[in-house]
Amino acid sequence: MATVQVGEAEKVYIMHGVRDDLRVDGRGCEDYRHMEIETDVVSNTDGSAKVSLGQTDILVGIKAEIGKPKPMVPDEGYLEFFVDCSANATPEFEGRGGEELGVELSNNLYKVFNNKHSLDLRSLCICPGEHCWVLYVDVLLLQCDGNLFDAMSIAIKAALFNTRIPKVHISEDEEGGKEIELSDDPYDCMRLNVENVPCIVTLCKIGHRHVVDATLLEKACSVASLLISVTHKGTVTCVRKLGGGSLDPDSIFEMTETGKRVGKMVHAPLMELLQKEESLGRERTKVGFLA
Amino acid sequence: MPVDNKRVRGPEISQSPLLFLPPDSQISKVSSSSGRQGARGNGDIRPLFARCGLVSQAKGSAYLEAGNTKIICSVYGPRETERKDETDMKSGRLVCDFRLAPFSCPKRGAWIQNAEERDLSTALAESLQPGACLHRYPRAQVDVNVVVLENDGSALAHAVTCASMALADAGIEMYDTVLGCALRQDEERCLVDPDLAEERAESSAENQGRVVVALLPNLNQISGLQADGEMREDSLTAAVRTCVEGCHRLYPVVQQAILRAVKKKAAPPPEK
Amino acid sequence: MSPMKLCVPGERLCSVEDCIPGTGTYPRHGSIFASLAGYVLRRNEGEELPIISVVRETEAQLLPDVGAIVTCKVTSINPRFAKVHILYVGSTPLKDRFRGTIRKEDVRATEKDKVETYKSFRPGDIVLAKVISLGDVQSNYLLTTAENELGVVVAHSEAGVQMVPISWCEMQCPRTHNKEFRKVARVQPEYLQA
Chain A
1 MATVQVGEAE KVYIMHGVRD DLRVDGRGCE DYRHMEIETD VVSNTDGSAK
51 VSLGQTDILV GIKAEIGKPK PMVPDEGYLE FFVDCSANAT PEFEGRGGEE
101 LGVELSNNLY KVFNNKHSLD LRSLCICPGE HCWVLYVDVL LLQCDGNLFD
151 AMSIAIKAAL FNTRIPKVHI SEDEEGGKEI ELSDDPYDCM RLNVENVPCI
201 VTLCKIGHRH VVDATLLEKA CSVASLLISV THKGTVTCVR KLGGGSLDPD
251 SIFEMTETGK RVGKMVHAPL MELLQKEESL GRERTKVGFL A
Chain B
1 MPVDNKRVRG PEISQSPLLF LPPDSQISKV SSSSGRQGAR GNGDIRPLFA
51 RCGLVSQAKG SAYLEAGNTK IICSVYGPRE TERKDETDMK SGRLVCDFRL
101 APFSCPKRGA WIQNAEERDL STALAESLQP GACLHRYPRA QVDVNVVVLE
151 NDGSALAHAV TCASMALADA GIEMYDTVLG CALRQDEERC LVDPDLAEER
201 AESSAENQGR VVVALLPNLN QISGLQADGE MREDSLTAAV RTCVEGCHRL
251 YPVVQQAILR AVKKKAAPPP EK
Chain C
1 MSPMKLCVPG ERLCSVEDCI PGTGTYPRHG SIFASLAGYV LRRNEGEELP
51 IISVVRETEA QLLPDVGAIV TCKVTSINPR FAKVHILYVG STPLKDRFRG
101 TIRKEDVRAT EKDKVETYKS FRPGDIVLAK VISLGDVQSN YLLTTAENEL
151 GVVVAHSEAG VQMVPISWCE MQCPRTHNKE FRKVARVQPE YLQA
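Sequence lines, in order, name chains A, B and C. According to this note's numbering, the first sequence is numbered sequentially starting from 1. According to this note's numbering, the second sequence is numbered sequentially starting from 1. According to this note's numbering, the third sequence is numbered sequentially starting from 1.
By construction, these hints were calculated from the structure, which means they are not laboratory data. The beta carbon of each residue, even a glycine, is placed where N, CA and C say it ideally should be. Don't take every hint at face value.
Below are the DSSO-like pairs computed for lysine-lysine, each with C-alpha atoms no more than 30 angstroms apart in a straight line [said to hold, decoys possible]:
id: 1; chain 1: B; residue 1: Lys90; chain 2: C; residue 2: Lys73
id: 2; chain 1: C; residue 1: Lys95; chain 2: B; residue 2: Lys263
id: 3; chain 1: A; residue 1: Lys11; chain 2: B; residue 2: Lys90
id: 4; chain 1: C; residue 1: Lys83; chain 2: B; residue 2: Lys90
id: 5; chain 1: C; residue 1: Lys95; chain 2: B; residue 2: Lys264
Computed, partial: chain A to chain B, Cβ under 8 angstroms [claimed, not checked]:
id: 6; residue: Arg19
id: 7; residue: Asn115
id: 8; residue: His117
id: 9; residue: Lys167
id: 10; residue: Leu216
id: 11; residue: Gly234
id: 12; residue: Thr237
id: 13; residue: Val239
id: 14; residue: Lys241
id: 15; residue: Gly243
id: 16; residue: Gly244
id: 17; residue: Gly245
id: 18; residue: Thr256
id: 19; residue: Glu257
Isolated chain A (complex conformation) (with noise of 0.2 angstroms):
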């Protein structure tokens, strides 16, 4: 994993900050970096999404594919997911340096979406126990700096919202075949219903206090962070404690109710902005890479 190295002096700085609710940057202990969203990036996919949090980057690119539903669940689609840890983001993710965070990482959003109410998979269903379509959810890391898996959950919540699976037909021959039809309309296609894809929170213990969003310095003055995934409704989908270190009890309690707070407030003004962004149409001014 990327970190940084941080001096004894500069860790009781941050502590003793984070104590009095002021981060290195000027921030309250749950508020996030300023954040940049913009989808429909890549016009090879099926949706995309850019997320900047920070100086964290991330983008999705989600392709839907059809393939053969899972023999447990006949009459649903499943999610891919694969994140690649680019060696753009940090020289250690040269060759094969990045594979452990990928799969850590990938590991966790099966976690986050294993549950029946995060996306209608039933929707994926094409012909039951026969064809399904298979969302595989791809996710670059361009730049690394803390709290990715919060930057990662939005930018597919995102990426998600913006996807468009066209539309298929089942037509069924004389002989009991059946035949897979694709719309000629490009418009014609299918959105998903986003509204249950929970949004990660990380938070980070610091001292005796909890981080929203942390920065890799940050990171690097804390034990234990523990990783919530919170829907709209604030359901927890997802609990994850991570890092080397300990929590007691309590300081758990107390972060998983901060997580639901700050993860529920995620959501609205993340469906607002994104709702907004598509009304604007073709108008909208791409801002692209170099922003």
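Assemble the complex: chain A is given as a structure, and chains B and C must be docked to it using the hints.
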């Protein structure tokens, strides 16, 4: 582990017929209010059988049985670390390897570690690390190998307990023993130490999920927490509390197993 | 006599005011806790407070630490350094293999620039050395033999016979009377066993 090329492989895609059982037979196990198997109450853990020191070649080892879940763990080291690129050379590394034996689950697994097992290995390492005094072992690594022989639910939770027993048996210095407890929430029903059917059962309830907690009982610190599903915050908090209680219930058994191994290994030193 | 008290890691043993924490224990929040599973031992060593420690059947696993005297076996040599396997730390055998390096300039204290590793060690020699550093990312344990008491203690000649030291830099084969160069250790008499 190398791939065994001589083994005659089955057809490329094959599934156990058990997977195609009508799903309703499984659901009933969780959502029905009828009792659990073995006349167990919802808050009861399964009777635990634990022993230390059965792998003679290893520095320390442990075997644990909870219901039908059977886990074996061996600890090697501290030995020279393999990876030199770690930035922090002052403290040792805890290398955890979690494996589900191919025959341990209803569906046959591969010998090669899959993504799920790698994820469980990380979770195991993160849960054990706060308990181990790694600064005592600079430049060294301690290997913890866990094999689940039979998975009947709560594998990660019991693996944590089993691994910490093996670490204690190996004489690795620890701040505290680490205990694990799992829980399955289904609406208002809280099943502690679920078996595989209870753990895997599909539930469409609004408030359902799985929680695994690893606890340092004497320091009262939670060293590992994992939850998925969809849970309200209050039921999550309650679930963590219940798991902590469950961990405390394991403690006497674990304590006894470790002490038994200590006594077996050596007579008390002469008192001066 | 009552049976000795046993403990598992994490058990609170006593307050720091009652005892001094010894091996297998650690202090925290004013109490002493056990860090090993074993027998609880209280020992008075003349000081005001007894030392409390936890002991097991085997000695606690030792790791080579800076300043420790280690016994090692030379595995390979090249003009710049000799590679060794550390076998013992003090008098405790290590269960696992730890590798170390004796660099040319750490072989002896004087005339460091004239040291030739080939004239100091040969593969297979048993060497007493001291750990000077745990090494960094690339290197292993760094060892030194730059003391009179450190150096080769057991070496075999080309004829395969154990050689006898004749000076601080030479050893002789009792069968062929050939002399070979080594950085010989002057083993302290108290370490020699009859």
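Hints and how they fare:
1. As the CA atoms of Lys90(B) and Lys73(C) are separated by approximately 26 angstroms, the hinted pair is consistent with the 30 angstroms bound.
2. For a cut-off of 30 angstroms, the pair hint linking Lys95(C) to Lys263(B) stands: about 22 angstroms separates their Cα positions.
3. With a CA separation close to 18 angstroms, the supplied pair Lys11(A) and Lys90(B) stays within the 30 angstroms bound.
4. Taken as a hint, the Lys83(C) and Lys90(B) pair is honoured in the structure, with Cα atoms around 23 angstroms apart against an allowance of 30 angstroms.
5. Straight-line distance between C-alpha atoms of Lys95(C) and Lys264(B) comes to about 21 angstroms, which keeps the hinted pair within the 30 angstroms bound.
6. The interface hint given for Arg19(A) is broken, as the beta carbon of that residue sits about 21 angstroms from the closest beta carbon of chain B, more than 8 angstroms.
7. Interface restraint check for Asn115(A): the shortest CB-CB distance to chain B comes to about 5 angstroms, inside 8 angstroms, so the restraint holds.
8. Because the beta carbon of His117(A) sits about 6 angstroms from the nearest beta carbon in chain B, less than 8 angstroms, this interface hint is met.
9. Residue-level restraint check for Lys167(A) is violated (minimum Cβ-Cβ distance to chain B is 27 angstroms; threshold 8 angstroms).
10. With its C-beta approaching chain B no nearer than about 13 angstroms, Leu216(A) sits outside the 8 angstroms limit, and its interface hint is violated.
11. At a threshold of 8 angstroms, the smallest CB-CB gap from Gly234(A) to chain B is about 7 angstroms, leaving the interface hint in force.
12. For Thr237(A), the interface hint holds, the least distance from its beta-carbon to any beta-carbon of chain B being 5 angstroms, beneath 8 angstroms.
13. Residue-level restraint check for Val239(A) holds (minimum Cβ-Cβ distance to chain B is 4 angstroms; threshold 8 angstroms).
14. Given hint, Lys241(A) at the interface with chain B, holds; its Cβ is 4 angstroms from that chain's nearest Cβ, closer than 8 angstroms.
15. Using the Cβ-Cβ criterion of 8 angstroms, the hint placing Gly243(A) at the interface with chain B is satisfied: the shortest such distance is roughly 7 angstroms.
16. Residue-level restraint check for Gly244(A) holds (minimum Cβ-Cβ distance to chain B is 4 angstroms; threshold 8 angstroms).
17. Given the 8 angstroms rule on beta carbons, the hint for Gly245(A) holds: about 6 angstroms separates it from the nearest Cβ of chain B.
18. Nearest Cβ of chain B to the Cβ of Thr256(A): about 6 angstroms, under the 8 angstroms cut. The hint holds.
19. For Glu257(A), the suggested interface contact is upheld, since its CB lies about 7 angstroms from the closest CB of chain B, less than 8 angstroms.
The structure is inconsistent with the numbered hints 6, 9 and 10, although it conforms to all the rest.
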